[in-house]
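There are 2 protein chains.
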Amino acid sequence: MRVIKYPPNKDWEILAKRPEIAREELDTIVSEVIENVKNNKDQALLEYAKKFDKVNLTSLSVSENEISEAITLVSDELKSAINLAKNNIEKFHASQKINVEIIETTPGVQCWRKSLPIEKVGLYIPGGSAPLFSTILMLGVPAKLVGCKEIILCSPPNKEGNIHPAILYTANLVGITKIYKVGGAQAIASMAYGTGSVPQTYKIFGPGNQYVTKAKELVQLNGVAIDMPAGPSEVLIIADETSNPAFVAADLLSQAEHGTDSQVILLSDNEQVIEASIKEIAKQLAELPRVDIATLALKNSKAIVLNTITDCINFSNQYAPEHLILATEKTDDWLEDITNAGSVFIGNYSCESAGDYASGTNHTLPTNGYAKNYSGVSLDSFVKKITFQKLSKQGIQNIGPAIELMAEAEELFAHKNAVTLRLKQIDNV
Amino acid sequence: MRVIKYPPNKDWEILAKRPEIAREELDTIVSEVIENVKNNKDQALLEYAKKFDKVNLTSLSVSENEISEAITLVSDELKSAINLAKNNIEKFHASQKINVEIIETTPGVQCWRKSLPIEKVGLYIPGGSAPLFSTILMLGVPAKLVGCKEIILCSPPNKEGNIHPAILYTANLVGITKIYKVGGAQAIASMAYGTGSVPQTYKIFGPGNQYVTKAKELVQLNGVAIDMPAGPSEVLIIADETSNPAFVAADLLSQAEHGTDSQVILLSDNEQVIEASIKEIAKQLAELPRVDIATLALKNSKAIVLNTITDCINFSNQYAPEHLILATEKTDDWLEDITNAGSVFIGNYSCESAGDYASGTNHTLPTNGYAKNYSGVSLDSFVKKITFQKLSKQGIQNIGPAIELMAEAEELFAHKNAVTLRLKQIDNV
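Top line first, the protein sequences correspond to chains Z and H. Be aware that the first sequence starts at 38, since it is given in our numbering, and climbs by one per residue. Be aware that the second sequence starts at 38, since it is given in our numbering, and climbs by one per residue.
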């Protein structure tokens with residue numbers, strides 16, 4: 038971990054920069070996958086399963102029996118834990134519902150806005166050694182809460198042609214039963230265009246490798262919505278002298294273990310805090326199974342000493358971290374000054390893991406500085422908001438003349454005429 | 038206008054399809070513009086002004102004097118009309134504010150969500166013969182309401198190097214004074230990357246031609262957010278026997294006059310309604326200054342007779358129109374059945390022009406079927422929502438064990454350890 042002491046303000050921009058992500062090179066490979074899925078549908082998916090997942094699938098969809106069996110394979114302890122997390126996520130996301138409110142902007146002119154579920158959504162859950170079932174809660178719970186009609190899930194099968202029991206258990210728990218054994222860019226293409234087995238959806242959610250990310254970018258250009266642009270996961274911790282170095286180190290490491298490209302930043306107004314935290318990192322790192330990944334991630338990471346906590350907050354706002362941890366006893370004074378962050382963890386007992394799993398907030402958050410202009414996943418992500426307006430005779434009489442003038446000034450005479458005809462008709466009655 | 042009578046359900050999908058938009062061909066041209074602006078900044082903009090706008094600019098930014106002068110050039114009548122519209126838009130958008138609500142998901146675990154302004158936003162207003170000042174209200178009013186710190190506006194200058202007074206008046210009225218004489222793809226590039234004169238922004242809004250659209254797509258791939266994907270404007274009208282054919286025709290024409298690629302669809306359960314409306318179109322069309330544009334747009338347009346109004350609603354949901362007009366006396370029964378639309382105009386006095394200018398709803402709406410998965414512009418478009426969580430000792434004790442189990446099952450042991458350390462420390466005190 039590189040330590041930087043009191044960098045001048047002019048250096049902040051460079052210090053807050055993420056490593057460049059090469060974006061272009063995958064275009065051709067991923068475009069070919071998408072075209073192949075569009076043209077050859079299920080057949081293409083079965084061939085990709087053979088090629089990439091090393092399995093001959095007889096069916097792309099997970100059967101009811103497979104789900105029933107998975108339920109028996111998950112321990113009761115883990116089931117309770119998942120249930121606790123689900124309840125908290127449900128409670129917090131349910132509070133995000135917006136009631137319809139009719140606003141009379143001018144007498145006779147009523148306007149309102151209604152949230153309606155995006156009818157068909159697709160969730161992608163990556164494969165790999167560990168089953169990322171927590172992401173199913175984060176995406177499936179709000180999708181169910183708003184009432185999306187069709188919620189499907191794609192995840193790559195293992196060599197035996199199975200999806201991990203914890204994934205099937207969690208999906209079934211939140212009410213998702215249309216589950217498909219499809220991974221990678223081909224999964225994104227399937228959910229964007231439909232393949233026969235995999236239904237077409239209107240919005241695609243979920244994390245993935247660079248092929249998945251590129252596929253999401255490409256289908257977005259064709260009108261399929263996506264949750265948000267992707268980048269490596271990251272945490273920024275602001276620690277003062279009341280922080281606990283062991284906690285700070287553990288939180289930095291829980292970000293660093295995500296991947297070698299993880300971004301980890303520690304800010305403090307106190308050199309001792311940084312020294313102590315770095316010592317703790319060395320101590321804890323040795324014990325971790327994912328020590329190699331975390332070690333590489335830490336190489337790109339920075340500990341920066343600044344003059345004041347206010348400077349730390351300002352630097353953080355410029356960096357716009359996915360996760361921001363305020364590691365200190367008294368934090369409430371700072372909260373008003375935070376302008377850019379995905380999710381904020383307040384005080385010494387609010388570790389990032391809490392939000393990753395069970396506090397109730399969503400863990401699908403903007404990375405790579407996107408917290409400046411994107412929100413994390415929420416109930417909003419699964420709805421579109423339709424506006425309505427209803428004008429009475431009095432309403433069009435009140436605002437009609439203004440519309441006529443504005444339409445004329447914009448040289449849109451048919452727009453004007455639509456009002457003129459109505460005003461005349463009212464006058465004639 | 039093509040009339041289609043009682044098409045079988047299986048034909049609806051094709052009838053609801055928009056013409057394909059060719060997307061690839063502009064990549065090279067627009068990428069070059071973006072690169073040039075990135076590298077040569079203001080100098081590139083001055084050269085593009087010479088080349089495309091036929092003007093030698095001495096300054097890219099609009100001066101205070103130019104704004105003062107513009108204010109004197111707009112008639113008092115038009116000023117009043119713009120003010121009325123602004124008030125209604127303000128009233129409706131202000132009602133969209135979300136209050137912070139602290140949710141205790143588990144005792145000791147508090148979560149909340151706060152909307153914060155996107156700090157820097159850029160608005161694009163196209164040039165052409167008519168000044169589209171109404172779009173400034175639709176974008177500038179919500180940006181101001183949420184408190185975006187920096188709101189800038191780009192619009193191409195005319196041959197004399199000026200921007201239309203109505204644009205400058207409206208921008209100044211909503212509080213936008215950083216206005217730049219830049220048009221086309223180069224305007225989008227400027228607001229995405231900054232040029233010296235034009236500041237960099239985090240999110241770009243506004244309509245434009247195919248170069249502008251392509252530039253928005255390309256900068257979006259580099260992390261700059263955009264309002265929504267673009268497509269030709271469109272209206273779908275559902276008219277029953279209580280509709281007024283002259284009103285229906287006027288509303289169809291006010292969409293058709295937008296551009297030759299405008300999409301206009303009329304649905305009814307009554308053949309006479311369609312016949313009468315088409316007759317009215319012919320009558321009104323002849324009187325319009327933009328008769329040529331409207332005539333071409335009508336060539337691609339469809340009038341479809343269906344068996345019932347329920348069928349019309351179902352077809353409309355499949356089409357997902359930008360604007361949906363329910364042209365009939367009694368409409369409230371249908372409202373619950375609408376699932377996909379940008380903005381809905383209810384009853385014979387709610388013409389599309391009302392929403393385009395002054396009812397209070399936003400006129401920046403999803404086209405091209407995107408109403409299935411995107412919302413129109415609203416207050417939401419100018420904020421990002423940050424989540425917060427604060428756990429007390431009791432809070433981490435309550436959810437900590439569940440987090441440990443879940444992290445272990447996902448093989449993320451540093452995540453687990455961040456909790457374990459805290460639980461141990463609490464036990465030891």
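Rather than coming from a laboratory, the hints here were simulated on the basis of the structure. Please note: incorrect hints may appear among the correct ones.
Since the list gives no way to pick one copy over another, a pair counts as held whenever it fits inside one copy or between any two copies.
[What the hints assert, rightly or not] Think about it this way: if two alpha-carbon atoms lie no more than 25 Å apart in a straight line, the pair counts; the simulated SDA-like pairs of lysine to any residue are:
#1 K42 to Q462
#2 K339 to N465
#3 K367 to S429
#4 K75 to E57
#5 K461 to A313
#6 K116 to P144
#7 K151 to Q133
#8 K78 to S98
#9 K151 to A323
#10 K422 to Q355
#11 K181 to D48
#12 K47 to P202
#13 K54 to L460
#14 K367 to Q257
#15 K123 to T143
#16 K42 to D79
#17 K215 to L153
#18 K157 to E57
Checked hints:
With identical chains, the CA atoms of K42 and Q462 are never at most 25 Å apart, being 75 Å at best within one copy and 30 Å at best between copies. In this assembly of identical chains, the alpha carbons of K339 and N465 never lie at most 25 Å apart, being 75 Å within a copy and 32 Å across copies at closest. Proximity of K367 to S429 under the C-alpha cut-off of 25 Å is restricted to the inter-copy arrangement: shortest distance 12 Å between copies versus 55 Å within a copy. Taking CA atoms no more than 25 Å apart as the test, K75 paired with E57 passes between copies only; the shortest distance there is 16 Å, against 31 Å inside one copy.
For a Cα distance limit of 25 Å, the shortest separation of K461 from A313 across copies, 19 Å, qualifies, whereas the shortest one inside one copy, 80 Å, does not. Taking identical chains as interchangeable, the C-alpha atoms of K116 and P144 lie at most 25 Å apart only when they sit on different chains, with a minimum of 21 Å there against 55 Å within one chain. Taking CA atoms no more than 25 Å apart as the test, K151 paired with Q133 passes in both settings, with 14 Å inside one copy and 11 Å between copies. Taking the closest pair of Cα atoms, K78 and S98 come within 25 Å of each other only inside a single copy of the chain (14 Å); across copies the shortest separation is 53 Å, beyond that limit.
In this assembly of identical chains, K151 and A323 lie within 25 Å of each other by CA distance neither inside one copy nor across copies; the values are 53 Å within and 39 Å between. Taking CA atoms no more than 25 Å apart as the test, K422 paired with Q355 passes between copies only; the shortest distance there is 17 Å, against 31 Å inside one copy. Taking the closest pair of Cα atoms, K181 and D48 never come within 25 Å of each other, the shortest separation being 46 Å inside a single copy and 31 Å across copies. In this assembly of identical chains, the alpha carbons of K47 and P202 never lie at most 25 Å apart, being 51 Å within a copy and 39 Å across copies at closest.
With identical chains, the CA atoms of K54 and L460 are never at most 25 Å apart, being 58 Å at best within one copy and 35 Å at best between copies. For a Cα distance limit of 25 Å, the shortest separation of K367 from Q257 qualifies neither inside one copy, at 43 Å, nor across copies, at 39 Å. Within a single copy, K123 and T143 get their C-alpha atoms only as close as 44 Å, which misses the 25 Å cut-off; across copies the closest is 12 Å, which meets it. Taking the closest pair of Cα atoms, K42 and D79 never come within 25 Å of each other, the shortest separation being 57 Å inside a single copy and 36 Å across copies.
For the identical chains of this complex, K215 and L153 are intra-copy neighbours only, at 22 Å inside a copy versus 37 Å across copies, given an alpha-carbon limit of 25 Å. Taking the shortest alpha-carbon separations for K157 and E57, only the inter-copy value of 22 Å comes in at or below 25 Å, while the best intra-copy value is 34 Å.
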